[in-house]
Amino acid sequence: MLRDITLGQYYPANSVLHSLDPRVKLFGTLIFIITLFSASNVILFAAVICVLIGIIKLSHVPFSFMVKGLRSIVVLLIIAGLFNLFLTPGKTLVSFWIFSISDVGLKNAVLMTSRMILLIIGTSIMTLTTTPNQLTDGLEKSLGFMKKAGVPVHEISMMMSIALRFIPILIEETDKIMKAQMARGADFESGGLIKKAKNMVPLLVPLFVSAFRRANDLSFAMEARCYNGGEGRTKMRPLKYTSLDQRAYICIAIYLIVFYSAKVIL
Amino acid sequence: MADNILILDHVSYKYSPGTAYEVTALDDVSLSIKEGEFIGVIGHTGSGKSTLVQHLNGLIKATEGHIYFRGQDIYDKDYDIKELRTQVGMVFQYPEHQLFETTVFKDVQFGPKNQGLDEKEQIKRAYEALGLVGLPEEFYLASPFELSGGQKRRAAIAGVLAMKPAVIILDEPTAGLDPKGRDDILGMISDMHKKRGDTVILVSHSMEDVANYVDRIIVMDSGKPQFDGTPKEVFTHYKQLEAMGLAAPQVTYVMNDLKDAGMSVDTSATTVEEAKNAILASLK
Chain W
1460 MLRDITLGQY YPANSVLHSL DPRVKLFGTL IFIITLFSAS NVILFAAVIC
1510 VLIGIIKLSH VPFSFMVKGL RSIVVLLIIA GLFNLFLTPG KTLVSFWIFS
1560 ISDVGLKNAV LMTSRMILLI IGTSIMTLTT TPNQLTDGLE KSLGFMKKAG
1610 VPVHEISMMM SIALRFIPIL IEETDKIMKA QMARGADFES GGLIKKAKNM
1660 VPLLVPLFVS AFRRANDLSF AMEARCYNGG EGRTKMRPLK YTSLDQRAYI
1710 CIAIYLIVFY SAKVIL
Chain C
200 MADNILILDH VSYKYSPGTA YEVTALDDVS LSIKEGEFIG VIGHTGSGKS
250 TLVQHLNGLI KATEGHIYFR GQDIYDKDYD IKELRTQVGM VFQYPEHQLF
300 ETTVFKDVQF GPKNQGLDEK EQIKRAYEAL GLVGLPEEFY LASPFELSGG
350 QKRRAAIAGV LAMKPAVIIL DEPTAGLDPK GRDDILGMIS DMHKKRGDTV
400 ILVSHSMEDV ANYVDRIIVM DSGKPQFDGT PKEVFTHYKQ LEAMGLAAPQ
450 VTYVMNDLKD AGMSVDTSAT TVEEAKNAIL ASLK
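Line order of the protein sequences matches chains W and C. Going by the numbering used here, the first sequence opens with residue 1460, and the numbers climb by one from there. Going by the numbering used here, the second sequence opens with residue 200, and the numbers climb by one from there.
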């Protein structure tokens, strides 16, 4: 049951996108988002969609996995779409009862929802093709310049990777404790809100205890191996650009130039 | 012959079916377990032994097949699965991680309380269970988090025993204990079985643990029971067991080596005591 939850949702496959450096993917995603939101007419929008379709094909990840990410924001999409549809002033196209749909409203609603859908799909390709650890590594490297401003980039990324690493462990632990208490007749499903909350005690107390125990063990284990922050620390597998990454950067640059020159011309 | 208390009929189970992570944990398993049996389920990590026993009290629902408890299909729509869980008690790996109450006594009471028993009966059950596991009385009102590892484990096992289940399943009850703690817990389980005559299923990856106590061994490998019989029968396959990543008890090796070296000993000995007698007998 709880096993089916995926967070960080990495999809293992052997594709060009999987073997790219995470920094390239972060940069590419950023460019994708910028162009997506500056695409002001149908042709540019179609171009962005074409590029996205190409990337989806390259990723070797089943399309259904990307759509899964959309499921959680369906409500948000509908609300945003409806608000834009009915509340934007402009030339009235249709009107009934107290509602009226304007031409601008219709355009905004379609644009807004399709942009959000593309945004989610685009970013989920990044998380689907990059392991959480690669992602934090990439972030640490890319944001390294902020160290000069006194931001503890290494510490933050270490916390991120530990947190990510612990998600599956805690999910498993929750599953186990839940089963153990169910075996003693605990009931996590029935009853009202207050009763349900009360029934959670036999689950939450052991879970907290074990989370603290694990955190304690981990910090001891790290200190025992002389961990003392990011200063002077090297990596076993440092991120290195390959010729593939260079080509990817060139592709992104070409895309950016073509996109903005098209935008100026059209 | 005693009646079958649990029957598994062509049970299969897959984790995350239909995704890239699909794993077949149980592959068409059919078994029957008799009332009052003391069974050891053995297999290395990932052989499906834990998955198998979690089916027996309905914590995992089989993707295919049926399970019968006292002749009733536990997957029937109107079957009371909560009642089944009180009948088939399950002690998980590292059971001490499930303790949560303010006192040991209250924690042991948790099961009987969920059964809907009245307060008097709950207390009686808790006393009995704590007595069975041999936890000294001065710990009854202590916080479960103050106990030592072995004591915590006893308290947690008592929490399941207090429900008076007809079948008790223990998943690796000796994991992480020192040799003395291991012998204590196994001895306690064996005594309890003798005293109460209930059905006990002991899951372990260690042959040595199980060989001395159980009447029947089921060896799991890749989601299937590969051998099923008395310890003596199962250990005659010690070469195949080794291929599965399991080891027969050390005495089995000693006896087989002695035989290969030309001594006419009985190789079916499973305990050190039996081995001693067999060697003495061959020397006469």
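Derived from the structure by calculation, the hints contain no laboratory data. Wrong hints could be hidden among the right ones.
Claimed, not checked - As a list, the in silico DSS-like pairs of lysine-lysine whose alpha-carbon atoms are at most 27 Å apart:
1. C/394 - W/1635
2. W/1638 - C/363
3. W/1638 - C/423
4. W/1654 - C/319
5. C/379 - W/1657
6. W/1638 - C/458
7. C/394 - C/379
8. W/1527 - C/319
9. C/363 - C/281
As the list claims (entries may be wrong) - Simulated coverage check for chain C against chain W, where a stretch passes if three residues somewhere in it have a Cβ under 8 Å from a Cβ of chain W:
10. 237–249
11. 253–267
12. 272–286
13. 294–304
Yeah, the Cβ is synthetic: ideal placement off N, Cα and C, and Gly gets one too.
- request: Could you grab the alpha-carbon distance between residue 363 of chain C and residue 281 of chain C and see if it respects the 27 Å cut-off?
  value: This hinted pair holds, its Cα atoms lying about 14 Å apart.
- prompt: For the stretch 294–304 of chain C, do three or more residues have a beta carbon lying closer than 8 Å to a beta carbon of chain W?
  reply: holds (count 5)
- prompt: For the pair supplied as a hint, residue 1638 of chain W and residue 363 of chain C, is the alpha-carbon distance within the 27 Å limit?
  reply: holds (18 Å)
query: Between residue 379 of chain C and residue 1657 of chain W, does the CA-CA distance stay at or below 27 Å?
result: violated (39 Å)
query: Within a Cα-Cα threshold of 27 Å, do residue 1654 of chain W and residue 319 of chain C meet the stated pairing?
result: holds (24 Å)
message: So if I understand the rule, the pair passes when the alpha-carbon distance is 27 Å or less; does residue 1638 of chain W with residue 458 of chain C pass?
response: Violated - the C-alpha atoms of residue 458 of chain C and residue 1638 of chain W are around 48 Å apart, more than 27 Å.
- request: Mind checking the alpha carbons of residue 1527 of chain W and residue 319 of chain C for me, to see if they're no more than 27 Å apart?
  value: violated (52 Å)
message: Can you tell me if the stretch 253–267 of chain C counts as covered by chain W, using C-beta to C-beta distances under 8 Å and a minimum of three residues?
response: holds (count 3)
query: Does residue 1638 of chain W pair with residue 423 of chain C here, judged by a C-alpha cut-off of 27 Å?
result: holds (23 Å)
- prompt: Can the restraint linking residue 394 of chain C and residue 379 of chain C be considered satisfied, given a maximum Cα separation of 27 Å?
  reply: holds (22 Å)
Holds or violated: residue 394 of chain C to residue 1635 of chain W, with C-alpha atoms at most 27 Å apart: Status violated; Cα separation ~30 Å.
message: When I compare C-beta atoms, does the stretch 272–286 of chain C have three or more residues closer than 8 Å to chain W?
response: holds (count 3)
Comparing the model with each earlier hint shows violations of hints 1, 5, 6, 8, 10; every other hint is respected.
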